[in-house]
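Got chain W; can you put chain U on it based on the hints?
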Amino acid sequence: MSELKTETMTLNMGPQHPSTHGVFRLQLKVDGETIKEAIPVMGYLHRGSEKLAERFLYSQFIPYTDRLDYLNAMTNNYVYCSAIEELLEWEVPERAEYLRVITMELNRIASHLVWWGTYLLDIGAMSPFLYAFRDRETILDRLNEISGARMTFNYHRIGGVKWDAPEGWIEKVQETVKELHTNIQEFDVLVTGNEIFQARTIGVGILSKEKVINWGLSGPIARGSGVAIDVRKTEPYSIYDRFDFDIPTREEGDVFARYKVRIAEMFESLKIIEQACEQIPEGDIITKKGKRLMMIKPPAGEVYRRAEASKGEIGVYAISNGKNKPYRIKLRRPSFVNVSILQDLLVGESIQNLVAIFGSLDVVLGEVDA
Amino acid sequence: MSQELLDLIVEKFNTLHGEESIVESKLNFGKPMVILGTEKWDLATAKLLHDDEQLQFDFLTCVTGVDYEEHMEVIYNFYSTTLDQYLYVKVNTSREEPTVMSAEPIWKSADYMERETFDLLGIDFPGHWRLKRILLEDDWEGYPLRKDYITDKKALGLD
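Residue numbers (the working numbering), protein chains in the order written: chain W, 1 to 370; chain U, 1 to 159.
For the record, the hints were derived by calculation from the structure and aren't laboratory data. In this text the structure is predicted, and so the values were computed from the model without any measurement. Each hint should be verified, as a subset may be incorrect.
Claimed, not checked - Straight-line alpha carbon distances no greater than 20 Å define the calculated DMTMM-like cross-link-like pairs of lysine to aspartate or glutamate that follow:
| id | chain 1 | residue 1 | chain 2 | residue 2 |
| --- | --- | --- | --- | --- |
| 1 | W | K209 | U | D84 |
| 2 | U | K31 | W | E86 |
| 3 | W | K51 | U | E137 |
| 4 | W | K209 | U | D58 |
| 5 | W | K323 | U | D148 |
| 6 | W | K323 | U | E69 |
| 7 | U | K31 | W | E89 |
Bound-form chain U, shown alone:
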């Protein structure tokens, strides 16, 4: 069933953005996963996931940011409360200027989770209504979850 869903999603994405809209698609521990470039992750795609009759991914569960040293990635975990199905969407972006369109206009749950990702990894989410630091202080320098972040022990009073 998951394979069918994956094929369906790939097909729908291709109709929307033309062939090769997806970098990679696979089943990850039995759940469909699609990997996109950041330029293909736009409002139309998000609306498709949210509104399409066969998809109906109305519940955004988790937003994760990852620093892969060569590039950055934002992972969205979706769930459909009506059709009871799951989806991973991974959006690749560059490390120099990490930008991923905000999902917040469609799924409000992205509000805090994207702010957290911005706060700890420095990924920009254009379209977010109030993108600012959430867990760290407003004047904090650097992004702690980046792999090249150096913890200043002196400033933290640990040394």
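The shape of chain W in the complex, shown without the other chains:
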């Protein structure tokens, strides 16, 4: 028999592919079932956030940060506000810092739960999605009670937060934490040990430590490869230095390691919320100057502020020229940097692992495209 002639095929995955949970395209070159080249194509959701920032007053840009990583909007709010506070050299009231930490950590759990549910949905397990969204809804109810919105909170303000916690809210959060503790443990038992799940994830999509650092990856992806970088520990912001919590890391660097890191992180977040709920003092929730929105005019200068979002390190580079509008706001979105590794990570992998690997990066397209 003469040899069969083979050739590579170009395959477009997306922009409307269910596993992207947004609009994102991968240009693939496949040789049979092996991926030879993968080029991410993005920008379908680009709204020009950085350009918009230059047209608004400082306080008017906060709602736009909600729409970057819409699953983890509290940290986006925070990092923008704290960058401007640093330029202004303002102190934030204690109670506001505690409310910020509680809302950010609740939001981190909600974000990880969405990832947990949709990731398992992507690789073929239907029911975890329903459990995850049930518990996420409880968290969103708590956040709704304090901010008035389920996802686009617009809650943090330059100099504090918008609303104080309603009566009995802290106790309700404590109840939620207890409930989540049991439920997340249940999730862990339900899925982690599953043989099919492990067969799909262990040893798949391995990232080395060196690669993680060189490609600038952060968040659970970095920590799943043994790079213990977490801004909450390496450069504690807000009041994170007051809490006792660990940074879960794994050495394997595969999809399963990233999964385990995220599960462990949810328990750490619960620990932080528990402590914050016990320590929270009474007092002001915003500085006096922060209430006069039109008057926010940082002196000329620039600063880069970072925070740990659920996807990785989120940063804001703010440049002020002394006027009441920002001169330049640069947003460092973790998903945007994390998604770049696909060009390298997918090459040589089998095509059936593609969704398992892409999903493990936990990319949110609102954030990639800004």
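Using the frame of chain W, we list chain U on its own:
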């Protein structure tokens, strides 16, 4: 400690490029910042930052482009995962022909962030392996983050 690090970096830069290799050096909110002309930002400098035993800036966090109307600027934010230290490097370039050497051959994280800067500000990064638009369409005209960019509302369907 930051002041010591800043002095060290200035000294190392001067050994590499001779005196006056740096336009300005200062502490910005407690973190060292050096400002260079684009001709002094070369592969040797980048390698020095990445490989030097006392610097070890292995993690490039953020790349920002700014249009200052008289000139353009690219800002690199570095972090060292091993030595836990930070550095701002600002590279000045002209507005007529904005060119800054690409950091992508050394730090792969610069890949997308420099492409974004090219896309929105039109700064050229020689040495980048695939410099093309990333967020905007390939046939987009102009660079939106430049201060003299006029938004064509009609073309965008807003008018």
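Against the structure, the hints come out as follows:
A distance of roughly 16 Å separates the Cα atoms of K209 of chain W and D84 of chain U; the hinted pair therefore holds under the 20 Å criterion. Proximity of K31 of chain U to E86 of chain W is assessed by CA-CA distance (about 13 Å); at most 20 Å being required, the pair is judged to hold. For the hint linking K51 of chain W to E137 of chain U, the alpha-carbon distance of about 16 Å falls within 20 Å, and the restraint holds. Taken as a hint, the K209 of chain W and D58 of chain U pair is honoured in the structure, with Cα atoms around 12 Å apart against an allowance of 20 Å.
At roughly 18 Å between alpha-carbon atoms, K323 of chain W and D148 of chain U fall within 20 Å of each other, so this suggested pair holds. Annotation: proposed proximity of K323 of chain W to E69 of chain U holds, straight-line Cα distance about 16 Å (limit 20 Å). Of the supplied pair hints, the one linking K31 of chain U and E89 of chain W holds, its CA atoms being roughly 15 Å apart against a limit of 20 Å.
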